[in-house]
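Colleague: Each chain, letter by letter, is given below.
There are 2 protein chains.
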Amino acid sequence: MDATMMDVPLSLNHVLERAGRYFGTAQVLSRLPDKSVRTHSYAEIYRRARALASALQRLGLKPGDRVATLCWNHYAHLECYFGIPAAGGVTHTLNLRLSPREIAWIAADARDRFLIVDDILLPLYRQLAPAHTFEKVIVVPYSGAAVSDEFIDYEALLDSGDPDGFAYAEHDEKDAVAMCYTSGTTGRAKGVVYSHRSTILHALVGCTADAWGLRNADVLLPVTPMFHVNAWGVPFAAVMLGVTLVLPGPHLHPADLLDLITAHPPTISLGVPTIWMGMIQAYDAALASGDCRWQLPRGMRSLVGGAAVPESLIRAFAKHGVSLLQGWGMTETSPLASVSYLRRELQERGDDERFRRAATAGVPVPLVDIRIRTDDGRDAPMDGKTMGEIQCRGPYITASYYGVAPSEDKFTSDGWLRTGDVATMDELGYIRITDRTKDLIKSGGEWISSVDLENALMAHAALAEAAVIAIPDQKWSERPLACIVLKPGAHAAKAELDAHLLQAGFAKWQLPERYEVLDALPRTSTGKFYKLALRERFKS
Amino acid sequence: MDATMMDVPLSLNHVLERAGRYFGTAQVLSRLPDKSVRTHSYAEIYRRARALASALQRLGLKPGDRVATLCWNHYAHLECYFGIPAAGGVTHTLNLRLSPREIAWIAADARDRFLIVDDILLPLYRQLAPAHTFEKVIVVPYSGAAVSDEFIDYEALLDSGDPDGFAYAEHDEKDAVAMCYTSGTTGRAKGVVYSHRSTILHALVGCTADAWGLRNADVLLPVTPMFHVNAWGVPFAAVMLGVTLVLPGPHLHPADLLDLITAHPPTISLGVPTIWMGMIQAYDAALASGDCRWQLPRGMRSLVGGAAVPESLIRAFAKHGVSLLQGWGMTETSPLASVSYLRRELQERGDDERFRRAATAGVPVPLVDIRIRTDDGRDAPMDGKTMGEIQCRGPYITASYYGVAPSEDKFTSDGWLRTGDVATMDELGYIRITDRTKDLIKSGGEWISSVDLENALMAHAALAEAAVIAIPDQKWSERPLACIVLKPGAHAAKAELDAHLLQAGFAKWQLPERYEVLDALPRTSTGKFYKLALRERFKS
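Residue numbers (my numbering), protein chains in the order written: chain L, 42 to 581; chain C, 42 to 581.
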């Protein structure tokens, strides 16, 4: 029999209309290049996004055309998130931390027609311009300076649009709205294309109380760049609910963020672990020296993802009344696939159990199927021990990459995404990432988890950071090498670190072959430890 | 361009699989006819639902076939919610409070093939059986008594199924999974048919933090019958998140519910206002007489809907640390269309403002478009004053009724549902229901809201309940008549009630023409005041 439900497509335009109609008084605060804060009301953002859509159509944008953005987190980037799809276009957020050559390659691969770029990023644009020609280059006068005549002024463009007369481009819910390239450490970058449907479903799952638990009354600070998996999709959800946004712009150093948080206290924030590591070190150091200018907002929830979160970091923030909530996912999964909320079974357990689970990648969220596949192609038992590759399936998981023939190393024959992350799952469904498939260390036929070693090392008082890689070994095939960064003025002898690891439960054969003390760890464009560089450096 | 997302349908089967895989240790508590409580684990419910699906297919169930249920809220009804769609069938929940003749008419209209019925409801079944023949009648031995040979024993049926070997029926996300008939006070009942898609989207919207805000750690008591708009869709969401369920069975009197709540304290519950009115009166009366056997769980959230919630009721529960959250919707809207959470703009206001908004029908939820249409076909301004009919549109709003040609009085020409509820919307999007279109009173050319009068009257200390209807008047065309029920031992003179209403802000011409004191108000099968009966009684 047929259901009687209306055939109404899921649509970002519905979200924008909601925001304009009900949340006009809500605010978007944007930090400008000079560190002052500019406030827009949702009513303004609504009209400006519609004006942008109208103007883009007048510039000749056709359904499905890509409009690239090269922007920090601020009002105009948020307007692009809604205005470009409203016009029928696809927002392609370029990662400004990549090399100009790589950005140009990605823009060419995606066939980006237009570019919207921050004026303060024009030096970067000029470096990549020779390698890819955009038909139109629209410059956001983000610093307040006048826009050169050779470009289109974003504000003048908005003035040329007609927010009142604008009519949304017709669309199916499976039509594309946004595009991100993966920032893999190996191989060429590959594009993932999100739809109205996947974006709305992802936002709804994220808004469930056990995940982000976003509320209208929240004040949200996305430190995660809007060019990195759409700031994990959280801005779409925020606009859907009329959440107050604090957008940090280009100033992401710990002291800058602490200034911002103190002046405009968020109730919820998001970022990669390195952001929070830097922040807590600066905060605690200031407190220790009697400097009380900063205030971490008690009760703030911080969503952390993009890399494993050490338990020691969760405990350090908990001391200040800030709870870190770990999520796991990737560009290919929109990204939210699992989240480490506290299950009912654990509510009455002690702090140790609570923190131990908080430091996992969490439990799969609704709509996402997750399986842990062992080397022999079976589902790993939920025993918290058996390792296998995480594979995902669901309506907001990618089925392919833009313009790339599907390959067996990325998708299984029965249609699951192969994530390349190795993990265990315990009896309650908590996933613990043990490694990237390529980061596992196989020593004498036994697997050693680099992530476990890193987390244990980072809990040592003398260490600021640690990355563990495999180095070739004649006898054992591979052995772990620990690259460590000491805290200022701290020292740590090998014997002391070994004893620390033994006490943490590691076997003797699992201890690092040696420790290399570095000034800093190399990082990828998204702030993750760049292990490939370390492997290159220490391969002999 | 094409999005790269997987083409995975939204599906109740995904929800059941999640529940079996991750939430096996979560519990479903069911109150039995003898008032004892029986506990099932989610692992059991999962296997039993799959066994049911397998057995139904072996009984000859074909895709789209209707399986009717005539059941209270308990484990077996929950198993039907998932087992019937898993087999490709459609769960048709029959409203056991209707007359046997009407139930039979509805079952015939829906062409229900099978029936699953509680043993304690067999007397009702025998009354309706002559008017509609089910091919198979499956009896749940809910009381523990043996099932007569003339029927199929539900437990024996489950034993005949194969939960391990069962394979879900293939389906599209727009395929039907459940069916409810509207309990209109006029006209014939009409069926609304929900799909996998609408049910999942509704559950996700409900789980957002500002709506139900359901969490895995919650203990949920649905007092709302599972035959009434699927207990507002909350059980689907609960199973999706692994929430502990307390299902009250047939014992819904205030003392029974207070016993249950005291023994198994919920963190969240749902029911119509009359349920909560009866409960708070019994609770406060017991406390006043020094009887402390009951305990309302502090911090419990109660979802209230199905009729307007008087502010006095919200305040009465707030005194005991219980917050009432009002939602608005109807069978045709799945039902959640708006919810009265506290917007950020109101967080810093005082209690009066807070309670005033809590007593509204709230703000539209994501995915649901709502407009207030005035008599002249325009959108009412958001001024909190202009009245119009609420019209809805969205992916979980019905576009038609089963087997009925769409009519202009139910759907607009541009595809919106006409709800028949009259309301205003204020500048923040809060909807205040002023009346059903047919309940508005037009006196001397001016509208009087019966709901406003009722709410004000119910805040008077002497009154237990009040329903206001229009009576014909030669001079004014219509005048309001207040039908009131006094609290035990209380008295209230007309002059006193008039003074109370004048103080509440009503104009003199808006006061009821007279007050009729009744022993009880007539109610519809779903517990709403049955104004049609009052109008009949007082029409001359």
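Careful: at least some of the hints might be erroneous.
Any copy, or any two copies together, can satisfy a pair, since identical chains are not distinguished.
Capping the alpha-carbon separation at 25 Å, the derived lysine to any residue pairs in SDA-like fashion look like this [what the hints assert, rightly or not]:
#	residue 1	residue 2
1	Lys-535	Val-178
2	Lys-426	Gly-61
3	Lys-426	Thr-66
4	Lys-76	Asp-455
5	Lys-215	Arg-434
6	Lys-451	Pro-50
7	Lys-426	Gly-65
8	Lys-215	Asp-420
9	Lys-426	Arg-62
10	Lys-215	Gly-456
11	Lys-451	Val-49
12	Lys-535	Gly-340
13	Lys-528	Glu-487
14	Lys-528	Ala-500
15	Lys-426	Thr-80
Please keep in mind that the hints were generated in silico from the structure rather than gathered at the bench.
Keep in mind the model is a prediction, meaning the values are calculated, not measured.
Colleague: Decide, hint by hint, whether the structure agrees.
Modeller: Evaluated hints:
1. Lys-535 with Val-178: neither (55 Å within a copy, 75 Å between copies)
2. Lys-426 with Gly-61: between (50 Å within a copy, 20 Å between copies)
3. Lys-426 with Thr-66: between (51 Å within a copy, 20 Å between copies)
4. Lys-76 with Asp-455: Answer is neither; intra-copy 51 Å and inter-copy 49 Å both fail.
5. Lys-215 with Arg-434: both (17 Å within a copy, 20 Å between copies)
6. Lys-451 with Pro-50: Classified as between: cross-chain Cα gap 22 Å, same-chain 30 Å, threshold 25 Å.
7. Lys-426 with Gly-65: between (51 Å within a copy, 19 Å between copies)
8. Lys-215 with Asp-420: neither (31 Å within a copy, 30 Å between copies)
9. Lys-426 with Arg-62: Only across copies: Lys-426 and Arg-62 sit 17 Å apart there, 51 Å inside one copy, limit 25 Å.
10. Lys-215 with Gly-456: Result: close both inside a copy and across copies, 18 Å intra and 22 Å inter.
11. Lys-451 with Val-49: So Lys-451 and Val-49 pass the 25 Å test across copies only (18 Å; inside, 33 Å).
12. Lys-535 with Gly-340: neither (39 Å within a copy, 52 Å between copies)
13. Lys-528 with Glu-487: Cα proximity of Lys-528 and Glu-487: none, with 32 Å in one copy and 77 Å across.
14. Lys-528 with Ala-500: Within one copy, since 12 Å is at most 25 Å while 65 Å is not.
15. Lys-426 with Thr-80: Classified as neither; 50 Å inside a copy, 31 Å across copies.
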